[in-house]
Each structure stands twice: as structure tokens, then as C-alpha cells.
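Colleague: Residue 26 in numbering that gives the first Met the number 0 sits at position 27 of the sequence shown, and the numbers go up by one each step.
To be clear, the hints were calculated from the coordinates, so they are not data collected in a lab.
Don't take each hint at face value.
[Claimed, not checked] Distance condition first, Cα-Cα at most 20 Å in a straight line; then the derived EDC-like pairs of lysine to aspartate or glutamate:
| hint | residue 1 | residue 2 |
| --- | --- | --- |
| 1 | Lys271 | Asp284 |
| 2 | Lys168 | Glu130 |
| 3 | Lys168 | Asp93 |
[What the hints assert, rightly or not] Computed spacing ranges between beta-carbons, pair by pair:
| hint | residue 1 | residue 2 | range |
| --- | --- | --- | --- |
| 4 | Gly82 | Asn30 | 16 to 26 Å |
| 5 | Asn122 | Val292 | 46 to 56 Å |
| 6 | Lys71 | Gln146 | 40 to 50 Å |
| 7 | Leu352 | Ala278 | 14 to 24 Å |
| 8 | Val292 | Lys271 | 21 to 31 Å |
Cβ atoms here follow ideal geometry from the backbone N, Cα and C, with glycine treated the same way.
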Amino acid sequence: MKRLLLILLLLLNLQAAYADQVRVRLYSTNNVATLNVSFDLGNYNLYADGDSLLEDMLGEGRSVLIRTEGGKLHVSVNDDDYGLVDSLRLEATDTACILCLNPTNCKQRTYEGNLVVKPLDGNLLMLSEVEFETYIAGVVQSEIYGQQTDVFRIQAIISRTWALRNRGKHAADGYNFCDNVHCQAYLNRCVRPDIMMGAIESSGETLVDSAGVLIETPFHSNSGGQTANSEDVWKAALPYLRSVVDTFSFGMRQSEWTKTISIDRWLAYFRKNHKIDIADSAILDTLLHFQQVERQVRLLGIPLTRIRADWQLKSTYFSVSVDSASASVILDGHGYGHGVGLSQEGAIRMVSLGYSYDSVLRHYYTGAVIHRDPTANHNYVEGYASQLARIIEEDKNRQTRVHSKKDDWLGRLFRLRDREEREEVYIESEQDNEKDWEYEW
Numbered sequence: 000m001k002r003l004l005l006i007l008l009l010l011l012n013l014q015a016a017y018a019d020q021v022r023v024r025l026y027s028t029n030n031v032a033t034l035n036v037s038f039d040l041g042n043y044n045l046y047a048d049g050d051s052l053l054e055d056m057l058g059e060g061r062s063v064l065i066r067t068e069g070g071k072l073h074v075s076v077n078d079d080d081y082g083l084v085d086s087l088r089l090e091a092t093d094t095a096c097i098l099c100l101n102p103t104n105c106k107q108r109t110y111e112g113n114l115v116v117k118p119l120d121g122n123l124l125m126l127s128e129v130e131f132e133t134y135i136a137g138v139v140q141s142e143i144y145g146q147q148t149d150v151f152r153i154q155a156i157i158s159r160t161w162a163l164r165n166r167g168k169h170a171a172d173g174y175n176f177c178d179n180v181h182c183q184a185y186l187n188r189c190v191r192p193d194i195m196m197g198a199i200e201s202s203g204e205t206l207v208d209s210a211g212v213l214i215e216t217p218f219h220s221n222s223g224g225q226t227a228n229s230e231d232v233w234k235a236a237l238p239y240l241r242s243v244v245d246t247f248s249f250g251m252r253q254s255e256w257t258k259t260i261s262i263d264r265w266l267a268y269f270r271k272n273h274k275i276d277i278a279d280s281a282i283l284d285t286l287l288h289f290q291q292v293e294r295q296v297r298l299l300g301i302p303l304t305r306i307r308a309d310w311q312l313k314s315t316y317f318s319v320s321v322d323s324a325s326a327s328v329i330l331d332g333h334g335y336g337h338g339v340g341l342s343q344e345g346a347i348r349m350v351s352l353g354y355s356y357d358s359v360l361r362h363y364y365t366g367a368v369i370h371r372d373p374t375a376n377h378n379y380v381e382g383y384a385s386q387l388a389r390i391i392e393e394d395k396n397r398q399t400r401v402h403s404k405k406d407d408w409l410g411r412l413f414r415l416r417d418r419e420e421r422e423e424v425y426i427e428s429e430q431d432n433e434k435d436w437e438y439e440w
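Assemble the whole structure, with the sequences as input and the hints as a guide.
Modeller: So this is what it looks like as C-alpha cells:
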């Protein structure tokens, strides 16, 4: 009975989470003192210090300049200077609203949803407030490459599972996630309809263990041919993160690597950093001819994770040989990343070979089960998928491509969802002003 109640509470929490907004810190690894915000789609209201309205209906052709000054924010809108404030909030007036962020010394990005800006240690703290599933689609685009919808569905499931399990990771900082690999990469909104399709088709799907509890879902670029046990990289031995043979990762972009290091530097590292007696012939031979046919955890008792970090290697899965001509050791490596959980390039290969998305997940997460939230398959999700499939097919067959000012497929999906949520029928040919925002791509 207690277990049933626990699972029921878990499912209720998951259902609530899907509808929630999340807060994501943007440009979290950069120092940004000045930010220019412009508007790609829709209109925004600008508030200072909570609920003080500075400007309403900011849209295309307008921009907001924000910079830090004396522990506060200096804000101006086009030629209007509003002086210093403690915080700013750009709030979307509709679903179809897109911001363009242009920070100093960083790449431009676009995001949906709201934006909160605060001063932090002489720089700007930028927080995106966005719907959970919109965030997941952006993560999928940032985290994996590929062309098949199932590849994106797989990434969406593991990214959604991780996010739901770790929503409180930055609670003490006032937000849910950061936008880099400390959490999950979230480097732009989703701009590709095929990626959005994968995210939509996975709606409500997560990975759980036999007790119905969300699992940890680490992933990496390429396993090199064998994944690692969780305890080989971190402390906990988790039953669903077991080492598996992964031939699917062979021959992909990140499956092989090499690094050349002088013998003197290589041996000096072990002598100075780890107090290894390199005068011992057996030890010397091991250091110069270390082989990993299968993944190992240590070299002469030293964790390979430590060696990888110190030498900035792509993985811990490498062998060592000597090049006498150059007095160097050659590290012949396999894979890229920590090696635990799903190999993204292995998953891409599996999908291309015809494996189903759930088979791929079972291969990398031992004993895990896909949980499908029964409340997630409501009408507008199904409408999303059918409409998006039609848009993708139309784009393939289009000779002269006509899109909306930003994304025709995105605009149409926004309209579809808004009308479905109001229990109205979306009939594209009858929508007002649909032609007003079309142009030649």
C-alpha cells in the first residue's frame, strides 16, 4: 500500500511538472556586463523592480539596452533612458513571443518565454522563464545532432527524466537549471521542426526503475565501444548504469582520438603528482605500454578519471605505446566523455540501423522502463504532431520556400495550441492576418 501511494504521488508530481515553467540561467559560464535585447516575434511588457511598468508592447524594431552600474541595472529603450533599477522583467504578452539576446563578447541567442535580469557581482544574471517542454526541446537541439526523429525522441526522454529528477539543483540560487553541461546545454530555443517533432512524440515519457522512481540518465558523446559502470566514474553503483558492450559507437565522429606526449613529461607527471617509482622496470613498462582491451578503472592504482582530467583527455578509455623516433608516448583513445549511460553517437547509429527508440534506451540503461504519463497525450499534443508532420512534408516539397518572419512551423504550432486550449478548432485557411507575416525565405 505504501509503495502504491508513493508511485501515485510521484505520478501526480510528474503531471504537475509538465505544465510548469522552469527558470534557466543563461550565459552561466560567461561574464556579461552589457546586454541588448531585441524582439523577433510577438510583444513584451517591460517591468522594473517587480511590478513597475516601464514600457508595454515592445516588439520588432524596439530594443532594450541593459548594463550594470554600481550594483544596479541601467536600462534604456531605444532613445528613452530609464536610469537605474534593481531588477528587470520582460514578460511575453502571448505564447508566440521570441526574444533575441545580444550580450557583449558572446554569441547571439534567441529564446521563448520571459526574461528576468538582475545584477550579480558586477555582471548580469539572466534567467529565462520558459515552459518545461519548450525548455526540453531547446536542450535536445543543444545536446545532440542527427536527422531521425527517434534520435531526438531518445534525447528528449533522457533530458526530461534528468530535469524532473533534478529540478531543485540550483534552488539555493533562485533558479532550476543552468544552461551548460553542469546541468544540460540550453544554448538556444528549438528552431528545427524535426527536433520539435521528436520532443513532441516523447511527450510524457520518462525513464523509471522497477519501483517507478525516476532514474539518473547521464549521457556522453561516444562510449568508444564499451560504456562504464557508474561507480567507475562516480561513487554510487546504480543497477541501471552498468557497463555494456557498445559496438554501435564504432566508426562515428568521436569514436577514436590520439594524443602525443613526450616521454619525459609523461613519466614526470607520475613521479611528481603520484609519487610513482619510475626507476622500477616493471612500473616503467606499465606506464609506457598500458593497454585497455576492455575498460579499466585505474592505472597503477591511480583513477583514470584523474589522469583524464589532468591531461584533458577526451575519455579514460585509452592505451599507451611508445614512438621511439620522437621520444613520445602515443595515447590511442576511444570515445568522448565519461562513458556512463547513453552514448549519443551509438544511439544515432542504432536508430539508423532500424532499432526502435525504446530498444536503444533499454540497451544503455539496464532494466529501466519507459513510463508514459497518461495525461500527456491530450488533444493538442496529438494535433501538434500531425500538424508538424504536415509542415515538414510541405517544406520538403516546396520549390520556393515561404516562411513566416521567424518560423512558419513555429507560428502555426503556436496558433494550433492556443486554439485547442480554448477548445476552438484550428482551421488554417480561416485565420485572420495569416498572410500579413509571410515573406520569401
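Colleague: All the hints need checking, so say for each whether the structure fits it.
Modeller: To see whether the hints hold, each was checked on the structure:
1. Lys271 - Asp284: Given that 20 Å is the threshold and the Cα spacing comes to 18 Å, the pair holds.
2. Lys168 - Glu130: The given pair, whose Cα atoms are some 18 Å apart, holds under the 20 Å limit.
3. Lys168 - Asp93: The given pair, whose Cα atoms are some 29 Å apart, is violated under the 20 Å limit.
4. Gly82 - Asn30: 16 to 26 Å: Holds: the Cβ-Cβ distance is about 24 Å, inside 16 to 26 Å.
5. Asn122 - Val292: 46 to 56 Å: 48 Å Cβ-Cβ, so the 46 to 56 Å window holds.
6. Lys71 - Gln146: 40 to 50 Å: Taking Cβ atoms as reference, Lys71 and Gln146 lie about 47 Å apart, which means the hint holds.
7. Leu352 - Ala278: 14 to 24 Å: Once the Cβ atoms are compared, 51 Å apart, the range 14 to 24 Å for Ala278 and Leu352 is violated.
8. Val292 - Lys271: 21 to 31 Å: Holds - the Cβ-Cβ distance for Val292 and Lys271, about 29 Å, lies within 21 to 31 Å.
The structure is inconsistent with the numbered hints 3 and 7, although it conforms to all the rest.
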